[in-house]
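*Asks:* So the chains spell out like this:
Protein chains: 2
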Amino acid sequence: MLEQQLQFSLRDEDQLSLDLIEAQYTLKNTRDRNNAKSLVILVSGIELAGKGEAVKQLREWVDPRYLHVKADIPRLFTEKQTFWQPYTRFIPAEGQIQVMFGNWYSDLLTTAMHVSKPLDETMFESYIECMRAYEQDLKNNHVDVIKVWFDLPWKALQKRLDDMDVSEQRWHKLHGLDWRNKKQYDTLQKLRQKFTDDWLVIDGENEVLRNQQFAQYILHALKQLPKHKTTVRTKWKQAAIPEALFNPSIEMMDAAAYKAELKKLTRKVSDALRTDSRNVIITFEGMDAAGKGGAIKRIVKKLDPREYEIHTIAAPEKFELRRPYMWRFWTKLTETHEITIFDRTWYGRVLVERVEGFAKQIEWQRAYEEINRFEKDLTDNQTILIKFWLAISKDEQETRFKAREAVPHKRFKITADDWRNRKRWDDYLNAAADMLARTNTEYAPWYVIANNDKYSARIQVLQAILKQLKVD
Amino acid sequence: MLEQQLQFSLRDEDQLSLDLIEAQYTLKNTRDRNNAKSLVILVSGIELAGKGEAVKQLREWVDPRYLHVKADIPRLFTEKQTFWQPYTRFIPAEGQIQVMFGNWYSDLLTTAMHVSKPLDETMFESYIECMRAYEQDLKNNHVDVIKVWFDLPWKALQKRLDDMDVSEQRWHKLHGLDWRNKKQYDTLQKLRQKFTDDWLVIDGENEVLRNQQFAQYILHALKQLPKHKTTVRTKWKQAAIPEALFNPSIEMMDAAAYKAELKKLTRKVSDALRTDSRNVIITFEGMDAAGKGGAIKRIVKKLDPREYEIHTIAAPEKFELRRPYMWRFWTKLTETHEITIFDRTWYGRVLVERVEGFAKQIEWQRAYEEINRFEKDLTDNQTILIKFWLAISKDEQETRFKAREAVPHKRFKITADDWRNRKRWDDYLNAAADMLARTNTEYAPWYVIANNDKYSARIQVLQAILKQLKVD
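Going down the list, the protein sequences come from chains A and B.
When we follow the UniProt record's numbering, the leftmost residue of the first sequence carries the number 1, and every step to the right adds one.
When we follow the UniProt record's numbering, the leftmost residue of the second sequence carries the number 1, and every step to the right adds one.
So that you can see chain A by itself, here it is in the shape it has in the complex (with noise of 0.2 angstroms):
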């Protein structure tokens, strides 16, 4: 039980609403600072237990301004999305409140109850851990995340039920279970026990305490500011640079079996990604010239574009920067487009952001473990990641840049940053070799594509795609 549940009492409205309004500003005016936050409130329960006018309540004690609300009816998981991709729209920007009616709670109830397929209990365990997991992201990326349960005896609910209009009726049936039956009030609360432990659990009888004790606790919630930790104890563990990566083959190909093997490949590649009934996520990293552009072309070649999607991945903006990391990736992945491709990806932040001292420590050694929960929930969903290191040397680089800097519609290509980069190219081996060893996943391994030759290069992605989608 939470430790809330015990300390409430009554309080005088006045003075509650002014606390509430003053920590919405005190919240809103940490925007871009050390202890930022914002506040996502998941409100569920039993029909008619008040939450609808627990949070009608606090939308008058506070200043409406800055508190959003979102409701919408339960939805059943569908195989090919994550439980937080209806809502990572939803997650807001630092000094901001949003309330969750609908969440991955009431999803994950609803889908449970289901009749015609039930989740089973492994699998409802293990969603209810998977969405913890997501919530710990959440709050290390400066979004808090606070549950509330509106409980309702069985007799009090009926008691509502008998006493309800006839239009309130009509509505409530759409936007729930039959509240009529027992049976299946008691498996509901059978269900909610096994994860609302960490919420605070409201009993929705009394009008008056519950719509307080709700608003007390968001009270309180607002007013813990975290103060980001920065540094961490423990020693890095460096992982040693896989030899591929500095000193990478140039088995030259050349260019008549090249284009005959091209032809064949892409066709192939084409062909498996169509009839690939499953979300394909195709994703490149690797040094400044190494040929991710070149590759991409190839594999779309014989698609047409709106078959698939390709994010070209720059810095973030202004208002991506006040959510977490990870959140301009996952907004990019709610489109129904089965092919997505994109020229570099999340794992900036265990790369650029942190040679270049964008991320702190903290961050970027905790986003291994966000990168693999993150691609371990779209892989469990029917999406099959294809991620590619491709790697040139040192030497080629130089000639790359060269030869870019030498063709003027090229030219663009090239920028001083990239020469700024390529000081940094140890550090860049080194945060490289640790991202291969820890994002290594059996579930979305790396493929490393280390060749000095374009030619070779492009059909070992095409070749990797191939073996990836068990296509041989």
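Any given hint could turn out to be false.
Each pair may be met inside one copy or between any two copies, as identical chains are not told apart.
Unchecked claim - Pairs of lysine-lysine residues, derived as DSS-like cross-links and limited to a Cα-Cα distance of at most 30 angstroms, are as follows:
(1) K28 to K318
(2) K360 to K332
(3) K394 to K173
(4) K223 to K318
(5) K318 to K268
(6) K237 to K155
(7) K117 to K227
(8) K80 to K173
(9) K117 to K173
(10) K264 to K470
(11) K139 to K56
(12) K223 to K183
(13) K332 to K56
(14) K227 to K318
(15) K155 to K194
(16) K194 to K80
(17) K159 to K80
It should be emphasised that the hints constitute simulated quantities derived from the structure, not laboratory data.
All values reported here derive from a predicted model rather than from experimental measurement.
Once you've looked at the hints, dock chain B against the given chain A.
*Replies:* Frame of chain A, contents of chain B only:
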């Protein structure tokens, strides 16, 4: 026929690529400046005419980080959505380029070709008119729209269908009509000719010419940087200020009568809102402290927060300022909520933005028509729009301001801004008078609730909602 179709000749590819990249960078640098613009490229056409290839080629010639491509399957128009609603999220910010494969014209064609419920000719033409008006509004607000149709004669199309791979055939079928059906082809050609007179029509038979013609047209469009006008020549005709605005009645309602009436009406309003099958949007404008918050509270009294959404509108954020003024409202209306309430609205353009000089003369003077078109589109698509202006006298405002300042938890509602706005009382009255005169349409009438008594005003608001919903 467009001028570009006549002037076309093949160019050196590298030079074309260089010019495109330079034009992209120039466009990018216009951001936040007086010649700012973004570019939307609508792409449609006959299947297999090569629009996909042309876009792919374009992507290779430009800097792909600054070219976004959105592609989806054409959708049928739905009763409750305007033609622009599925696309507003993709309207680019100043300096950006967005290709839209799926767009309002492809939806129109798909809807018109849909056999079970085809659009009649009048409807079809009326859609085209609305689309052109919408595009003109975009252009006036820094978003240039160019349109390209990829064409292919019947025989060439059949030949390409014959030569196609099996996996491609399957895919193309998903995304289009039956391209073996000559009658359908002819109908489509007849229909598209009703709107393609201001499109670039590209013959898809020759691949090289096709790709270059497309890219050159975009280069041409990128180079047209507007110099946005700020003033207008014609003298502005200020509307007379209706007496209700400055001299509202003070018909008082006693507390007991108010309570009884309120109870009856809140129930009636929630029933009416709930059972109406249309979307309902209720908007509030009025001087500070006119009672907008209090009125909204009573509307939602008997509703559950899952049934409605309230948007409290504050000053726009940076990323919103880089898009058309209406954009932040367009995007708020794509959610599925059937009851939406706005505490302040798009009328800010002709109220605060006009009075404070945030909008230039030409911008706010143009806004009345833009707003009328926007509201017409909504109400043509099963939406009821109920607009309130709450009027109080200048003295009453002062009384309320002072009362707010005296109560700690209401003090946040009153700021230096409010006192400053009060000094421009007459300017706001003039702006409100013009707004009422120019946007009081048959499809979206204004309700001016002019009463210094809060109780009476709230009751009038509820009655007006019932009246507009045709409930007695």
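*Asks:* If a hint holds in the structure, say so; if it doesn't, say that too.
*Replies:* Structure-based check of all given hints:
For a Cα distance limit of 30 angstroms, the shortest separation of K28 from K318 qualifies both inside one copy, at 16 angstroms, and across copies, at 17 angstroms. Taking CA atoms no more than 30 angstroms apart as the test, K360 paired with K332 passes inside one copy only; the shortest distance there is 24 angstroms, against 35 angstroms between copies. When the C-alpha separation of K394 and K173 is checked against a cutoff of 30 angstroms, the pair qualifies neither within a copy, at 66 angstroms, nor between copies, at 48 angstroms. Taking the shortest Cα distances, K223 and K318 sit within 30 angstroms of each other both inside one copy (25 angstroms) and across copies (28 angstroms).
Taking the shortest Cα distances, K318 and K268 never come within 30 angstroms of each other, neither inside one copy (41 angstroms) nor across copies (46 angstroms). Within a single copy, K237 and K155 get their C-alpha atoms no closer than 59 angstroms, and across copies no closer than 66 angstroms, so neither meets the 30 angstroms cut-off. For the identical chains of this complex, K117 and K227 are neighbours neither inside a copy (45 angstroms) nor across copies (61 angstroms), given an alpha-carbon limit of 30 angstroms. Both within a single protomer and between protomers do K80 and K173 lie at most 30 angstroms apart by alpha-carbon distance, with minima of 28 angstroms and 23 angstroms respectively.
Within a single copy, K117 and K173 get their C-alpha atoms as close as 21 angstroms, which meets the 30 angstroms cut-off; across copies the closest is 33 angstroms, which misses it. In this assembly of identical chains, K264 and K470 lie within 30 angstroms of each other by CA distance solely inside one copy; the values are 17 angstroms within and 67 angstroms between copies. Proximity of K139 and K56 under a CA criterion of 30 angstroms is satisfied intra-copy only: 26 angstroms inside one chain copy versus 41 angstroms between copies. Neither within a single protomer nor between protomers do K223 and K183 lie at most 30 angstroms apart by alpha-carbon distance, with minima of 41 angstroms and 69 angstroms respectively.
Taking CA atoms no more than 30 angstroms apart as the test, K332 paired with K56 passes between copies only; the shortest distance there is 20 angstroms, against 32 angstroms inside one copy. In this assembly of identical chains, the alpha carbons of K227 and K318 lie at most 30 angstroms apart whether taken from the same copy (21 angstroms) or from different copies (28 angstroms). In this assembly of identical chains, the alpha carbons of K155 and K194 lie at most 30 angstroms apart only when taken from the same copy (22 angstroms versus 65 angstroms across copies). For the identical chains of this complex, K194 and K80 are intra-copy neighbours only, at 25 angstroms inside a copy versus 40 angstroms across copies, given an alpha-carbon limit of 30 angstroms.
Proximity of K159 and K80 under a CA criterion of 30 angstroms is satisfied in neither setting, with 40 angstroms inside one chain copy and 38 angstroms between copies.
Violated hints, in rising order: 3, 5, 6, 7, 12, 17; the structure is consistent with all others.
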